[in-house]
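Chemist: The chain contents come next:
There are 2 protein chains.
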Amino acid sequence: MTSLRELLRVGPAVDLKDIDPGSTPGLPGRKVTGKDQKGWAREQLASMAPELARQQEMLYAGAKASGDRRRLLLVLQAMDCGGKDGTIKKVAGAMNPLGLHIVGFGAPTEEELRHDFLWRIRRALPPAGLVGVFNRSHYEDVLIARVESLVPERVWRSRYWQINGFERDLINDGLTPVKVMLHISYDEQRQRLMERLTDPTKHWKYNPADVDARARWTDYQAAYNDALSRCSTDHSPWYVVPADRKWYRDWAVANIVLEALTEMRLSYPRSDFDLDAERRRLEADRTPTMAS
Amino acid sequence: MTSLRELLRVGPAVDLKDIDPGSTPGLPGRKVTGKDQKGWAREQLASMAPELARQQEMLYAGAKASGDRRRLLLVLQAMDCGGKDGTIKKVAGAMNPLGLHIVGFGAPTEEELRHDFLWRIRRALPPAGLVGVFNRSHYEDVLIARVESLVPERVWRSRYWQINGFERDLINDGLTPVKVMLHISYDEQRQRLMERLTDPTKHWKYNPADVDARARWTDYQAAYNDALSRCSTDHSPWYVVPADRKWYRDWAVANIVLEALTEMRLSYPRSDFDLDAERRRLEADRTPTMAS
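Sequence lines, in order, name chains A and B. Taking full-length UniProt numbering, the leading residue of the first sequence gets 1, the next gets one more, and so forth. Taking full-length UniProt numbering, the leading residue of the second sequence gets 1, the next gets one more, and so forth.
No wet-lab data here; the hints were simulated from the structure. What you are looking at is a predicted structure, and each value in this text was computed from that prediction instead of being measured. One or more of the hints may lead you astray.
Copies of one chain are not kept apart here, so a pair can be met inside one copy or by any two copies together.
Stated by the list, open to error - Here are the simulated BS3-like cross-link-like pairs (lysine-lysine), alpha carbons at most 30 angstroms apart as the crow flies:
#, residue 1, residue 2
1, LYS64, LYS17
2, LYS38, LYS205
3, LYS38, LYS89
4, LYS202, LYS64
5, LYS246, LYS17
6, LYS89, LYS17
7, LYS202, LYS246
8, LYS246, LYS64
9, LYS205, LYS64
10, LYS246, LYS38
11, LYS17, LYS205
12, LYS89, LYS202
I would like the entire structure built from these sequences, with the hints used as guidance.
Modeler: Next up, the structure:
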């Protein structure tokens with residue numbers, strides 16, 4: 001079976017217009033009804049959870065016991081309502097919270113603005129052994145920064161190659177980037193915004209500024225096309241996940257992450273102490289003694 | 001029904017010797033067999049998960065939408081193998097990872113040692129709206145620091161009241177501390193260490209230094225008795241959870257956290273924008289336009 005990453009990976013001339021946000025590439029059983037596909041995808045996600053957690057534990061154990069510097073970083077980008085939070089809840093939620101390092105990026109603070117755009121990113125990278133998740137990322141600096149003209153064009157234009165160099169350095173230091181763009185349609189965004197207005201337990205998620213950003217939809221799609229085209233490199237590819245169907249999105253992202261972890265060929269570290277000697281020490285030691 | 005917090009809370013003259021690590025206080029149906037109790041507790045934990053997640057979401061929403069500064073901090077302390085990691089996996093694992101802020105404390109770094117003992121703790125506090133978890137905490141500074149004589153006695157003695165003042169300040173700033181000591185027996189610790197030696201997927205958790213610390217068991221229990229007695233205050237009580245039975249431990253900690261969240265009387269924030277006006281804006285806006 002072709003890996004899902006191969007199917008969803010984008011190349012140097014990607015145009016989001018060519019990717020249907022409602023499609024479900026790689027999902028077996030396309031001939032069954034939509035409802036059955038959804039049930040199947042949800043079941044598959046649940047049955048993947050133990051393996052995701054096991055891979056994550058091996059990654060963690062390697063860093064803890066034998067100084068393995070490897071770590072994984074899931075980078076999530078999307079338009080508003082694209083489902084970043086929901087994906088984190090479902091995919092990262094299947095893992096052990098002790099081994100997660102989740103960071104969200106909003107508008108930069110004054111202090112962050114006094115540094116180069118990668119400064120706050122470097123500080124937020126997952127330590128060895130952890131699975132990091134970026135809820136938005138350094139890609140905002142070639143998306144909103146470009147669309148809203150927060151910096152001059154020559155500045156954001158120079159960032160594509162800066163990002164590529166930065167990610168290459170991270171890989172050389174043992175980090176595996178998994179960059180996922182959750183691709184929703186203009187109409188699906190409207191429906192999700194409307195839902196936030198309708199359900200009182202979702203009002204807090206609604207931000208009138210999101211509708212202002214929506215007015216610049218076409219500009220954002222163009223900025224995404226450039227970011228994906230220029231920064232989907234051999235060493236650090238981008239995956240575009242059609243995300244109008246939440247059950248497909250969660251299934252796909254979990255699969256992509258699991259494929260990346262599996263490719264790392266992780267294993268539980270061997271002990272560097274004498275197992276028998278330790279067993280004897282423990283056997284001998286059955287009653288607490290007063291040490292002082 | 002008496003709250004579990006009332007049952008497990010300890011007072012100013014606690015002695016761990018008086019608390020049976022194998023007991024299951026507050027668990028209904030004590031007359032059924034151990035196996036049935038375990039199944040019941042596991043089921044209860046699973047059925048509590050949605051309510052834990054809902055409370056956590058309301059806490060998060062309040063900070064995000066209306067500047068509510070409240071947050072909760074679960075402080076976990078235990079002897080080695082006491083089950084801190086397992087508790088986090090089960091209890092925090094029932095929540096949304098986006099709303100968690102988990103920090104583990106090991107031996108202080110050189111930089112940390114150049115500051116007062118609460119410096120690294122302050123930097124690790126959960127931001128408004130989050131559920132923080134401390135895997136070990138500032139209490140190590142009156143436990144290992146005392147037992148291993150890392151600082152002179154006058155120094156660790158002065159820390160009890162410093163901790164009480166520190167926690168009072170946190171509460172005044174909107175933080176709800178939930179301090180839980182997982183109480184295991186000397187024999188249970190031996191069995192768990194042995195299991196780590198036997199199961200190759202657990203070797204990485206085994207540290208020969210844990211057996212050295214085990215030789216000072218009685219000193220540690222005395223240090224715990226003092227820390228619990230002096231720092232279980234009206235505003236910031238300590239709960240001792242018998243932890244030889246993992247299923248009781250997880251059930252009890254989840255209950256304590258849920259009780260604390262419920263007592264905060266959280267609710268979803270009201271919107272501060274005009275719902276109808278926003279709906280009209282969205283309805284009008286069905287096709288992406290070129291903004292530039």
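Chemist: Next step is simple, just say for each hint if it's right about the structure.
Modeler: Checked hints:
Within a single copy, LYS64 and LYS17 get their C-alpha atoms no closer than 45 angstroms, and across copies no closer than 33 angstroms, so neither meets the 30 angstroms cut-off. In this homomeric assembly, LYS38 and LYS205 come within 30 angstroms of each other (Cα to Cα) only inside a single copy, at 25 angstroms, whereas the closest approach across copies is 39 angstroms. When the C-alpha separation of LYS38 and LYS89 is checked against a cutoff of 30 angstroms, the pair qualifies both within a copy, at 18 angstroms, and between copies, at 28 angstroms. In this homomeric assembly, LYS202 and LYS64 come within 30 angstroms of each other (Cα to Cα) only across copies, at 12 angstroms, whereas the closest approach inside a single copy is 40 angstroms.
Taking the shortest alpha-carbon separations for LYS246 and LYS17, only the intra-copy value of 20 angstroms comes in at or below 30 angstroms, while the best inter-copy value is 52 angstroms. Only within a single protomer do LYS89 and LYS17 lie at most 30 angstroms apart by alpha-carbon distance; the minimum there is 28 angstroms, versus 41 angstroms between protomers. For a Cα distance limit of 30 angstroms, the shortest separation of LYS202 from LYS246 inside one copy, 17 angstroms, qualifies, whereas the shortest one across copies, 36 angstroms, does not. With identical chains, the CA atoms of LYS246 and LYS64 are at most 30 angstroms apart between copies only, with a shortest distance of 24 angstroms across copies and 35 angstroms within one.
In this homomeric assembly, LYS205 and LYS64 come within 30 angstroms of each other (Cα to Cα) only across copies, at 8 angstroms, whereas the closest approach inside a single copy is 38 angstroms. For a Cα distance limit of 30 angstroms, the shortest separation of LYS246 from LYS38 inside one copy, 9 angstroms, qualifies, whereas the shortest one across copies, 35 angstroms, does not. Taking the shortest alpha-carbon separations for LYS17 and LYS205, only the intra-copy value of 27 angstroms comes in at or below 30 angstroms, while the best inter-copy value is 50 angstroms. When the C-alpha separation of LYS89 and LYS202 is checked against a cutoff of 30 angstroms, the pair qualifies both within a copy, at 16 angstroms, and between copies, at 27 angstroms.
Of the numbered hints given earlier, the model fails hint 1 alone.
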